[in-house]
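Got chain A sorted already, so can you dock chain B onto it with the hints?
There are 2 protein chains.
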Amino acid sequence: MSQATSQGPLLDVQFAPRLSIDQVEEGQQFAPKFDAHGLIACVTTDATSGEVLMLGYMNRDALKKTIQTGEAHYWSRSRQVLWHKGATSGLVQKIREIRVDDDQDAIWLRVDIDGGASCHVGYRSCFYRIVPHEACAAQPLVFAESKKVFDPVKVYGDAPNHTQL
Amino acid sequence: MSQATSQGPLLDVQFAPRLSIDQVEEGQQFAPKFDAHGLIACVTTDATSGEVLMLGYMNRDALKKTIQTGEAHYWSRSRQVLWHKGATSGLVQKIREIRVDDDQDAIWLRVDIDGGASCHVGYRSCFYRIVPHEACAAQPLVFAESKKVFDPVKVYGDAPNHTQL
Numbered sequence: 007m008s009q010a011t012s013q014g015p016l017l018d019v020q021f022a023p024r025l026s027i028d029q030v031e032e033g034q035q036f037a038p039k040f041d042a043h044g045l046i047a048c049v050t051t052d053a054t055s056g057e058v059l060m061l062g063y064m065n066r067d068a069l070k071k072t073i074q075t076g077e078a079h080y081w082s083r084s085r086q087v088l089w090h091k092g093a094t095s096g097l098v099q100k101i102r103e104i105r106v107d108d109d110q111d112a113i114w115l116r117v118d119i120d121g122g123a124s125c126h127v128g129y130r131s132c133f134y135r136i137v138p139h140e141a142c143a144a145q146p147l148v149f150a151e152s153k154k155v156f157d158p159v160k161v162y163g164d165a166p167n168h169t170q171l
Numbered sequence: 007m008s009q010a011t012s013q014g015p016l017l018d019v020q021f022a023p024r025l026s027i028d029q030v031e032e033g034q035q036f037a038p039k040f041d042a043h044g045l046i047a048c049v050t051t052d053a054t055s056g057e058v059l060m061l062g063y064m065n066r067d068a069l070k071k072t073i074q075t076g077e078a079h080y081w082s083r084s085r086q087v088l089w090h091k092g093a094t095s096g097l098v099q100k101i102r103e104i105r106v107d108d109d110q111d112a113i114w115l116r117v118d119i120d121g122g123a124s125c126h127v128g129y130r131s132c133f134y135r136i137v138p139h140e141a142c143a144a145q146p147l148v149f150a151e152s153k154k155v156f157d158p159v160k161v162y163g164d165a166p167n168h169t170q171l
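From first to last, the protein sequence lines are chains A and B. Under my numbering, the very last position in the first sequence is 171; numbers go up by exactly one each time. Under my numbering, the very last position in the second sequence is 171; numbers go up by exactly one each time.
Worth double-checking, as some hints may not be accurate.
If chains are identical, the list can't say which one is meant, so a pair holds when it fits in one copy or spans any two.
Listed below are the simulated DMTMM-like cross-link pairs for lysine to aspartate or glutamate, each with C-alpha atoms no more than 20 Å apart in a straight line [to be verified]: (1) LYS39 to ASP164; (2) LYS154 to ASP118; (3) LYS154 to ASP52; (4) LYS100 to GLU57; (5) LYS100 to GLU140; (6) LYS153 to GLU32; (7) LYS100 to ASP120; (8) LYS154 to ASP164; (9) LYS70 to ASP118.
I should point out that these hints are in silico values taken from the structure, not numbers from a laboratory. None of these values were measured; they are calculated from a predicted model.
This is chain A alone, in the form it adopts within the complex:
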């Protein structure tokens, strides 16, 4: 037990040591692999539509808080801070299901989002543009979403944009 909330105490989450390939791939122990920067990649989808909303990264603390609270937490690589998604915008991601992949170096979150949008640019999904392929390769990107769900200026005000070139 680590912290008390109105929903009751948060359960302590421990990660298992990685001992064998069989344990990691076929077992029931949660032994996530963090990279040299202490991060694990996380893909987040809309639990209802299945649409991929974003691809983010978590450190140990963000992953633990996500499991404990049922709300998605990430590590912001641009700001270098723990990032409770929706803390600024209100677009909190409520966890329906958490999955881990075969070698346990990636997380998949299936979430419900208040407000129906996830992307800081204002679109529903961060993946709002299509890259043409094969016979159409080398053509310009095509917008898959024609209209923003919200106006980023109204939601974020003059907060700095964290996209890095």
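Frame of chain A, contents of chain B only:
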């Protein structure tokens, strides 16, 4: 034009330089961002079911080949080689759609897979285990797939397993 195939010549794919946040986020130029290792993260979903199949990485060459050929290519970080997914197993991923995210540092592939399976362990998706959360946090992983689609020993023989501890 770079290479001729039975389907005709492959179109040359160039990536645009990253000049401004507005260009990267709101524009129609494809200006993917590769990390310090020359890689970009890629989430791959089943185009029909929407299920997340895997999370992989591409270098510039893998991304270009994916766009040109309509079949998913990745960079294998464990083997350090260009990886035409399905070359060994036959489980080729045929591209239905390619998307890029807001800051263009992640790719989403929507694919059709021959044989209905993607994971080298034999399951349909690499994300075959659920991590319990909130009141069930700290419980063992739960298998979301009860049966393997194929027997990895029959498909891969005695090829080394590339999972790293």
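Do the hints match the structure? See the list:
no. : hint             : verdict
1   : LYS39 to ASP164  : neither (37 Å within a copy, 25 Å between copies)
2   : LYS154 to ASP118 : within (19 Å within a copy, 29 Å between copies)
3   : LYS154 to ASP52  : within (17 Å within a copy, 26 Å between copies)
4   : LYS100 to GLU57  : both (15 Å within a copy, 19 Å between copies)
5   : LYS100 to GLU140 : between (38 Å within a copy, 11 Å between copies)
6   : LYS153 to GLU32  : between (44 Å within a copy, 12 Å between copies)
7   : LYS100 to ASP120 : within (8 Å within a copy, 34 Å between copies)
8   : LYS154 to ASP164 : within (18 Å within a copy, 51 Å between copies)
9   : LYS70 to ASP118  : within (19 Å within a copy, 34 Å between copies)
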